[in-house]
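For the protein sequence lines, the chains are A and B, in the order given.
Using the numbering used here, read the first sequence as starting at 1 and increasing by one per residue.
Using the numbering used here, read the second sequence as starting at 1 and increasing by one per residue.
These are calculated hints, taken from the structure and not from any lab test.
Idealized CB from N, CA, C, for every residue including glycine.
Any given hint could turn out to be false.
Said to hold, decoys possible - Facing chain A, according to a computed beta carbon distance under 10 Å, are these residues of chain B, among others: (1) L94; (2) G153; (3) A156.
For reference, the chains in residue letters:
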Amino acid sequence: MHRLDARGKALAVLAYASVVATLPVGEPAPFLVLAAWPVGLLAAARVPPRVLLGALVAASPFVLLAAVFLPFSHAGGRLLWSGPWGVEVTSAGVRAAVAVVARSSLCLAATLALVATTRFGDLVAALERLGLPAVLGLTLGFVHRFLFVCLDLVRRVLCARAARSPRLGPGAALRSAGGMVASLFVRSYERSERVHAAMMARGFTGRVRPMARPRWRTADLGFLAFTAALLAAACVLEGRA
Amino acid sequence: MAAPLALRALGLCHVYPDGTEGLAGLDLEVEAGESVGLVGPNGAGKSTLLLHLNGTLRPTGGRLEVLGLEPGRASLPELRRRVGLIFQDPDDQLFMPTVLDDVAFGPLNQGLPGEEVARRVREALDRVGCAGYEGRAPYRLSGGEKRAVSIAGVLACAPELLALDEPSSHLDPRGRRRLIRILQGLEVTRVVASHDLELVLEVCSRSVLLDGGRVVAQGPTRALLADRGLLEAHGLEVPHSLTPHSEPHHPDGAHE
């Protein structure tokens with residue numbers, strides 16, 4: 001899994017997400033087939049289950065916010081519960097909510113399988129080769145590279161503040177946070193100028209030249225074929241149901 | 001016959017857009033193959049001079065010739081290819097996702113073929129003692145390793161003149177010793193700006209004292225850095241290794 005071409009993995013996850021997002025929610029069987037893909041990949045890549053759980057929990061506020069009102073807002077199906085002011089829960093609504101949770105969880109698991117087995121730089125390079133504009137790829141690379149530098153800076157600034165103000169009330173903390181954000185912005189801006197100078201000093205002309213062009217190998221094609229077969233199976237199952 | 005000049009500045013001036021005078025009529029010559037230290041207090045013009053060497057800054061007055069080229073729009077690509085600039089903070093210079101990508105960045109920009117790039121990367125990493133670091137992420141390296149890799153990234157461009165700005169800042173004694181060994185092992189022309197006078201003493205045969213954007217004094221490093229009166233007049237101190245045991249080691253004579 002780690003050695004597969006990042007382009008193949010990115011394409012597979014894109015195809016997977018499109019099928020998961022568009023397949024009508026009816027019988028559970030097609031979704032069980034679909035769920036086997038990311039779970040199998042994560043297991044093959046030896047990613048511990050708690051990593052997947054952690055990702056699902058981290059994403060849950062967004063997913064639940066999107067799903068929580070659906071049972072009340074969908075007409076159709078059986079009436080499950082009827083409350084005051086015409087509030088009703090329908091079976092179609094519950095089904096829609098379950099679909100949102102299931103779809104987002106599956107897509108999240110597939111994305112996790114991709115990022116857990118691919119180095120960030122390789123992923124960005126693969127996306128560029130698949131047609132992502134070079135300037136976007138460059139920006140993504142910089143965000144990933146300098147995020148850690150910025151986080152380090154934030155840690156140092158927070159540490160310095162804590163050293164001089166052991167008991168900071170929420171109001172004072174908020175006020176000093178404003179100043180901190182401003183100084184972080186200025187320092188990051190100045191750093192970007194220096195990084196730019198360093199890039200120009202080594203002959204940068206606006207385009208990052210790749211080291212070597214990877215070639216598709218049998219394993220990559222096999223992986224893509226397997227994914228395509230599984231997605232087709234899920235679609236066929238849905239058609240029969 | 002004297003060695004050809006790598007750098008010649010005549011009455012070089014630079015005024016920043018906010019009116020600050022960075023260089024005020026600086027005269028300096030550096031021969032090819034020399035290792036020259038630039039010392040002086042903060043704001044003396046050391047970094048400003050280094051940024052002129054590869055065309056990052058342009059003179060606002062006087063004349064400058066680097067490797068026979070006058071800085072200008074036409075000569076900029078060649079200047080950048082032939083002059084290697086090493087910045088104060090290695091995090092500013094290591095911007096690619098892996099060590100391999102970063103060291104290969106310059107040679108790839110020069111349009112070299114793949115095998116040549118791979119050879120340059122291998123040699124440069126070997127030179128700074130970082131062979132085998134290719135797949136590592138720059139943010140996972142120690143300060144000394146970051147500095148070494150940032151030097152490798154510049155060496156891979158095969159520069160004819162190497163300009164270093166405070167190379168030993170942020171380094172622990174081991175990282176600093178490693179840096180000194182790397183710099184001593186190079187044959188390319190070096191200009192080293194630093195407050196670390198002990199490092200200058202070990203790495204540079206000749207030194208130049210700058211203050212107020214001008215050259216105040218220059219000469220063999222050992223002699224220049226032993227001139228207590230001169231150094232103290234310009235905010236510097238004689239390195240401990242040049243101070244006889246019988247004399248106080250601090251300007252105010254404390255801790256003796």
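For each hint, the structure was consulted:
The criterion of a C-beta within 10 Å of any C-beta in chain A is met by L94(B), whose closest approach is roughly 8 Å, and the hint holds. Because the smallest distance between the Cβ of G153(B) and any Cβ of chain A comes to about 7 Å, under 10 Å, the interface hint for this residue holds. For A156(B), the interface hint holds, since its Cβ comes within 10 Å of a Cβ in chain A; the closest pair sits about 9 Å apart.
Hint compliance for this structure: no hint is broken.
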